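Assemble the whole structure, with the sequences as input and the hints as a guide.
Number of protein chains: 2
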Amino acid sequence: MHFKIAFIGFGTVGQGLSEILLEKKEMLAEKYDFHCTIVAVSDIMKGSVYDENGLDMVKILEIVKKGEKLDEYPTGIKGMDGLTTIKETNADTIVEVTFTDVKTGEPALTHIKTALGAGKNVVSTNKGPVVKQAVELLEMAASNNVHYGFEGVVLAGTPVLNLARYTLAGNKIKGFRGILNGTTNYILTRMEEGMSYDDALKKAQELGYAEADPTGDVEGLDALGKVVILTNVVLGKNLDWKDVKRKGITEITKEDIEKAKSEGKRWKLIGSAEVQQDGSIKAKVWPEKLPLSDPLAGVGEAINALTFHTDELGSVTIVGPGAGRRETGFSLLIDLLEINRKL
Amino acid sequence: MHFKIAFIGFGTVGQGLSEILLEKKEMLAEKYDFHCTIVAVSDIMKGSVYDENGLDMVKILEIVKKGEKLDEYPTGIKGMDGLTTIKETNADTIVEVTFTDVKTGEPALTHIKTALGAGKNVVSTNKGPVVKQAVELLEMAASNNVHYGFEGVVLAGTPVLNLARYTLAGNKIKGFRGILNGTTNYILTRMEEGMSYDDALKKAQELGYAEADPTGDVEGLDALGKVVILTNVVLGKNLDWKDVKRKGITEITKEDIEKAKSEGKRWKLIGSAEVQQDGSIKAKVWPEKLPLSDPLAGVGEAINALTFHTDELGSVTIVGPGAGRRETGFSLLIDLLEINRKL
Chain C
-9 MHFKIAFIGF
1 GTVGQGLSEI
11 LLEKKEMLAE
21 KYDFHCTIVA
31 VSDIMKGSVY
41 DENGLDMVKI
51 LEIVKKGEKL
61 DEYPTGIKGM
71 DGLTTIKETN
81 ADTIVEVTFT
91 DVKTGEPALT
101 HIKTALGAGK
111 NVVSTNKGPV
121 VKQAVELLEM
131 AASNNVHYGF
141 EGVVLAGTPV
151 LNLARYTLAG
161 NKIKGFRGIL
171 NGTTNYILTR
181 MEEGMSYDDA
191 LKKAQELGYA
201 EADPTGDVEG
211 LDALGKVVIL
221 TNVVLGKNLD
231 WKDVKRKGIT
241 EITKEDIEKA
251 KSEGKRWKLI
261 GSAEVQQDGS
271 IKAKVWPEKL
281 PLSDPLAGVG
291 EAINALTFHT
301 DELGSVTIVG
311 PGAGRRETGF
321 SLLIDLLEIN
331 RKL
Chain H
-9 MHFKIAFIGF
1 GTVGQGLSEI
11 LLEKKEMLAE
21 KYDFHCTIVA
31 VSDIMKGSVY
41 DENGLDMVKI
51 LEIVKKGEKL
61 DEYPTGIKGM
71 DGLTTIKETN
81 ADTIVEVTFT
91 DVKTGEPALT
101 HIKTALGAGK
111 NVVSTNKGPV
121 VKQAVELLEM
131 AASNNVHYGF
141 EGVVLAGTPV
151 LNLARYTLAG
161 NKIKGFRGIL
171 NGTTNYILTR
181 MEEGMSYDDA
191 LKKAQELGYA
201 EADPTGDVEG
211 LDALGKVVIL
221 TNVVLGKNLD
231 WKDVKRKGIT
241 EITKEDIEKA
251 KSEGKRWKLI
261 GSAEVQQDGS
271 IKAKVWPEKL
281 PLSDPLAGVG
291 EAINALTFHT
301 DELGSVTIVG
311 PGAGRRETGF
321 SLLIDLLEIN
331 RKL
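The listed protein sequences derive, respectively, from chains C and H.
Count the first sequence with my numbering and you get residues -9 to 333, in order.
Count the second sequence with my numbering and you get residues -9 to 333, in order.
Read the hints as simulated data drawn from the structure, not as lab findings.
No experiment lies behind these values; they were computed from the predicted model shown.
There's no promise every hint is true.
Since copy identity is lost for identical chains, a pair holds within one copy or between any two.
[What the hints assert, rightly or not] Within a straight-line C-alpha distance of at most 30 Å, the following computed DSSO-like cross-link-like pairs (lysine-lysine) qualify:
id : residue 1 : residue 2
1  : 36        : 15
2  : 162       : 77
3  : 21        : 164
4  : 122       : 162
5  : 14        : 164
6  : 227       : 15
7  : 59        : 14
8  : 272       : 14
9  : 235       : 272
Encoded structure:
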């Protein structure tokens, strides 16, 4: 199929996807019969441009990388904001990658609802809307005969949602546990080597893994959001933030790490959820001392991992990147290829 | 879609699939619109029965589990051998699960070619035909507009082929390395705990992991077959058995294990293949001392694992069961669901 795509938001993730689409154009056409034209880019900081016949993305990327505004693009209609771009362009598929307030889910939530309501596919790496309204949004997509993909909201381009839905098809998934936050796993890996928590955090901040205010990562809030998403999407439940027990890694000391080592164990921040006999969910984000024989124990650095508990195959674990500009951009291509396959 | 299925061979794997199809009938219909009737079962030891309107599989399983012949089944046509069943029944899909000579690939190879040539889908857990002729058989399936699925030939029901083809779609897979043989991994795990090689092998034999003649496993031949399959199917090459360097685990001593431990490492039998710059393949099965930070190092017992090296996501690892009656039977359902999705 031939997609007509509009980017709403054009930061590192959107640019990452654009580069992949340019570099892999021929392979995607040949191998998957996947074709696309980018008709619009609208970014609150960088401005916007729309051409119903398609934009030259090499030029767009050049402009953006020079730090210039999209007004510099020689042709096309300028100045359409996100919502207008969704509603009034000929795009059939919206790549929603704005900076979004996790608490309200906005502006992504409104963007996504508007697009689905207008009969346009949406692919997005925005966590907020999925945490808040995954089920409703998926139903809205279905009733409008379009698709809403969000593979990138957990483990970036490591295709865990795709794995659960297709590759593990036929299994009943009864629960999961995983290393869902790269920053904390990076910090624990450095502490394992003898660094103090404070030094490890500083190092994570230097490398851009952790933000100036690291609370979201180190207190387990980011992992908690992912537990909610996985529970609702993969286990088909309707779990609320407040129903997840949570403890971060800030209280883990060098002594705790050493003690675990002497027991042949390793601390990891584990997000998990299990369906109980009565159908309810037990979900938490909590530091756990894992024996080295646990597949999650060997997962170091900023790498993520997720173990699904299935009825037919027992435990199946996938290990892969949990962040990164290109890896997250790639998650959007997974969603686009998925829509392409369905159509 | 509604499949009409014939089982060629009806040992533990075929029985495993039958049980899954019975137990999951409603879920498969509801969730995947998957329906099937088993019209024939033909087994060289157990006899055969064919009813174009479908067999009562509860009864069939009862008969087989009592050790009786299929002649005891009250109705239907008896005595058709494998080839006749493939050619002369109304089955549209053949489940090929005979005991097969790995060297010649027979009788599975003839069964599969006959079925594909007759325009019937094939799903099979037989390694022989895939090692010998994967590319030809897939082309034959395509030119006859049918499907040939063999998810179970590597890592049983852990869906590595499905993962490579669909879930990692859009990536270029440049190579892989993995723990492809459960028996040797079980032996190494016991040795890690202090057991000698001989005792660990004996224990593996007691548990049914290793055969009376364990050569195929411990000398790395089984893993080598899987390296050939993965190279040809996932990397799209045409690798021959003879081009794979091979060394088994029989020379690993307790002292080697202890030495590795003291270095913070662990011995694993690793099967790997990498595409080289000139397009050629470097493939081997060889014992490797892995640092505990390697995702494969933490994989113990009879569990298998496979790391794909991709251009977009770097290393992505999947860990899951590599054998088992039910797990291998389930791999056939993965193939059937895949065909169902395509049709």
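Given identical chains, is residue 14 near residue 164, meaning Cα to Cα at most 30 Å, within a copy, between copies, both, or neither?
-> Result: close only across copies, 15 Å inter versus 37 Å intra.
Which holds for residue 36 with residue 15 at a C-alpha limit of 30 Å: within a copy, between copies, both or neither?
-> within (25 Å within a copy, 54 Å between copies)
With identical chains treated as interchangeable, where does the CA-CA distance between residue 227 and residue 15 reach 30 Å or less: within a copy, between copies, both, or neither?
-> Classified as between: cross-chain Cα gap 23 Å, same-chain 38 Å, threshold 30 Å.
Is the C-alpha distance from residue 21 to residue 164 at most 30 Å within one copy, between copies, in both cases, or in neither?
-> between (35 Å within a copy, 16 Å between copies)
How would you classify residue 162 and residue 77 at a CA-CA limit of 30 Å: within, between, both, or neither?
-> Cα proximity of residue 162 and residue 77: none, with 39 Å in one copy and 35 Å across.
When no copy is specified for residue 59 and residue 14, does a C-alpha distance of 30 Å or less occur within a copy, between copies, both, or neither?
-> within (26 Å within a copy, 56 Å between copies)
Evaluate residue 122 and residue 162 at a C-alpha cut-off of 30 Å and name the case that applies: within, between, both or neither.
-> Answer is within: at 24 Å inside a copy they meet the 30 Å cutoff, but 34 Å across does not.
Given a CA cutoff of 30 Å, do residue 235 and residue 272 count as a within-copy pair, a between-copy pair, both, or neither?
-> Only inside one copy: residue 235 and residue 272 sit 9 Å apart there, 48 Å across copies, limit 30 Å.
Using 30 Å as the alpha-carbon threshold, which applies to residue 272 and residue 14: within, between, both, or neither?
-> Cα proximity of residue 272 and residue 14: across copies only (26 Å, versus 42 Å in one copy).
When each numbered hint is compared with the structure, a violation occurs for hint 2 only.
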